[in-house]
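Going down the list, the protein sequences come from chains A and B.
Counting in my numbering, the first sequence tops out at residue 368, every number present.
Counting in my numbering, the second sequence tops out at residue 736, every number present.
Treat the hints as calculated values from the structure; they're not laboratory data.
Glycine included, each C-beta is placed from N, C-alpha and C at the ideal position.
Please note: incorrect hints may appear among the correct ones.
Unchecked claim - Label-pair ranges, simulated between beta-carbon atoms:
#, chain 1, residue 1, chain 2, residue 2, range
1, A, K39, B, R687, 40 to 46 Å
2, A, E60, B, Q733, 40 to 46 Å
3, B, E663, A, D147, 38 to 44 Å
4, A, F368, B, R687, 54 to 60 Å
5, B, K580, A, N285, 44 to 50 Å
As the list claims (entries may be wrong) - If you only want the chain A side, here are some residues facing chain B, beta carbon under 7 Å, derived:
#, residue
6, Y56
7, N58
8, N298
There are 2 protein chains.
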Amino acid sequence: MKFKINQKDLSKHINIAQKGISSRTTLQILDGILLEAYKGRLRLIGTDLEISIETYVNCEIEEEGAIVVNSKIFGDIVKKLPDAPIYIHVDNNNINIKCENSEFNIIGNSSKEYPDLPLILDHTSFELPNDLFKSAIRQTVFATTQDETRPSLTGVLIEIENKLISFVALDGYRLSLRKLPIESDVQLKIIIPGRALNELNKILEDNEEIMKIAAAPGHVVFNTGDTIVYSRLLEGQFFNYREIIRKDHKTSVTVNKREFQNSLERASLLAKEEKANLVKLNIVNEQILIKSNSEIGNVNEVINADVNGENINIAFNSRYILEGIKIIDSEEIQLNFMGSLNPCIIKPIQDENYIYLVLPVRLAQDDF
Amino acid sequence: MKFKINQKDLSKHINIAQKGISSRTTLQILDGILLEAYKGRLRLIGTDLEISIETYVNCEIEEEGAIVVNSKIFGDIVKKLPDAPIYIHVDNNNINIKCENSEFNIIGNSSKEYPDLPLILDHTSFELPNDLFKSAIRQTVFATTQDETRPSLTGVLIEIENKLISFVALDGYRLSLRKLPIESDVQLKIIIPGRALNELNKILEDNEEIMKIAAAPGHVVFNTGDTIVYSRLLEGQFFNYREIIRKDHKTSVTVNKREFQNSLERASLLAKEEKANLVKLNIVNEQILIKSNSEIGNVNEVINADVNGENINIAFNSRYILEGIKIIDSEEIQLNFMGSLNPCIIKPIQDENYIYLVLPVRLAQDDF
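The following block holds chain A by itself, in its conformation from the complex (with noise of 0.2 Å):
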């Protein structure tokens, strides 16, 4: 194999390519990258089994071929070369780079010993601007559980019906719905690891064009042109999740998300791990009061907010009900609330296409 790359694009592709790899594997051909030199292109893969990444750059190229070549330092190799063109050469295993006055020799590996990626045949597809997906993950995939023992909720599902994408996490604390219209006819329900998700937001750049999303049973096809990320699907059944949305409430308020997230900020500085992040509010004439104490201090908060129906003293961990609210972009907040043992479902005003539900941890009404 022998190329001529410019050394910003190969750097830049090799970056991709290192997302699909995990710092955990313990195979060491998984630590490499596979670079395959093919009809004028580079061909970049890493994989860790569960994800593969797979990326393609402009080369002249002198000599088809293939080698694998360990990802850390040959990605530390060509960040530190100047930014001129690097010719690279393979013979044997040897591997030659090239660039400008510097000249590096590293092994590499067969690329006969890299595992192939999924091959996939029968497919369902859809396709959806990059923007929206990025922000649709943003808005859901954090509040996955990190639960190995509870798999499908490591995921988030995605599931189309009626021309409607839904995107749905959830850990048994919270769950984060994010709805978008789409033009297809398709029907689907899947479930993709949360990790691929992450890195497919870090590949993804924030514009409008196209991603192309091909399901298979038992694989998913993120496919954005010169990057394509393949990654498994999970097993199992997701939590049936529309029963828990209620639409009737007691308790509606409406309020101004920036003032509203910095007094629970602040609240939660006094709540402790041990005591589960406890933050007290009682919703009552107009007002958000809301308390929280600790061995440390107390603190109280007060909040003007549009309070419909029923005063409700409701207790919250403090990182749940932030971690959702942190994630709403419009300037006020919508927080329906059915008694103080029941989920609290938060919504941006005047968008019906996110929704976050969060449980209330129960207190006897004396210790508000």
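Position chain B relative to chain A; hints supplied.
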């Protein structure tokens, strides 16, 4: 104690006082900041008994007094409060903090338990502009040792004689020496702990304002106006560094600093820790050849240079040579050698006031 203070001002000065506090303290009172409202100013002190940082900020005092408050909690609260006046009222160790719609109550400790600042009586003093002092710290403190068994080398020697101030740090592998002319007839020789200089460097603004430095037996005091940094001095004899800085040399090389640094950085990618980050330099025929090899592979770098004197083969720990080159600002540097077993002396071109000296790694000539 009762006073009113601007949120931004208070947050800034808490941040300064916090730099005196060690995260490793085992004495609970030293986790605290001393707050003292007196004569129209709030005085804040943080200390770990080695370093003390005292800083003053204007406030409106209704009742004078003092308290010790946990630095982390108080700092976090004030940082999160809105940019508005903060009202602080201390009654019987209860600290009440009000700002707009927020109210905190936290427990403090009596200021009587807080250690006194060192009392400096008889002292020798001199002055230097902040920016020169900062650059002298930056160019020397990195070369101090972390090895606590050689306490005097964990600090920077400051020596004043004949209207010249010298900053010297060394760790047995390299030496860094910064000289500055000074308008003072003082004769002085003190060793200041590296940590004190690092914290001072963070506090000092990069301007030409004058800082006053006063040295007394056992202590040094840096006075920057609003903020005063006290540090213990290190005891013991400093290494007699003058002996090892030879004036004569057999090979003198002038090279572009950026090119040399980049090449060394690339060469050190393959120079692994277990081999002491070994890089080999062949200085021949107007060129520097840099080589490094390990199990991973090998690298060759070629740089054009202006070489006067004998050719030389010499090896270094890449970390030690790089750290000295990085902090030199000039475009070209001069490397002076006296054979492959003696230290290399590195200087910025046309600046006699900075010297970096680095010991070579001894190799048999066959190993080059």
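Hints, verified against the model:
The given range of 40 to 46 Å is respected by A/K39 and B/R687, whose C-beta atoms sit roughly 43 Å from each other. At about 42 Å, the beta-carbon gap between A/E60 and B/Q733 stays in the expected band of 40 to 46 Å. Range check, B/E663 to A/D147: Cβ separation about 40 Å, and the 38 to 44 Å hint holds. A hinted range of 54 to 60 Å holds for the C-beta pair A/F368 and B/R687, which are about 59 Å apart.
In this structure, B/K580 and A/N285 break the distance hint of 44 to 50 Å, their C-beta atoms being roughly 58 Å apart. Hint on A/Y56 is violated. Least Cβ distance to chain B is approximately 26 Å, over the 7 Å limit. Of the supplied interface hints, the one on A/N58 is violated, with its beta-carbon coming no nearer than about 25 Å to a beta-carbon of chain B, more than 7 Å. Contact between A/N298 and chain B, as hinted, is supported at the beta carbon level, the nearest pair being about 5 Å apart and thus within 7 Å.
When the structure is compared with the earlier hints, violations turn up for hints 5, 6 and 7 and for no others.
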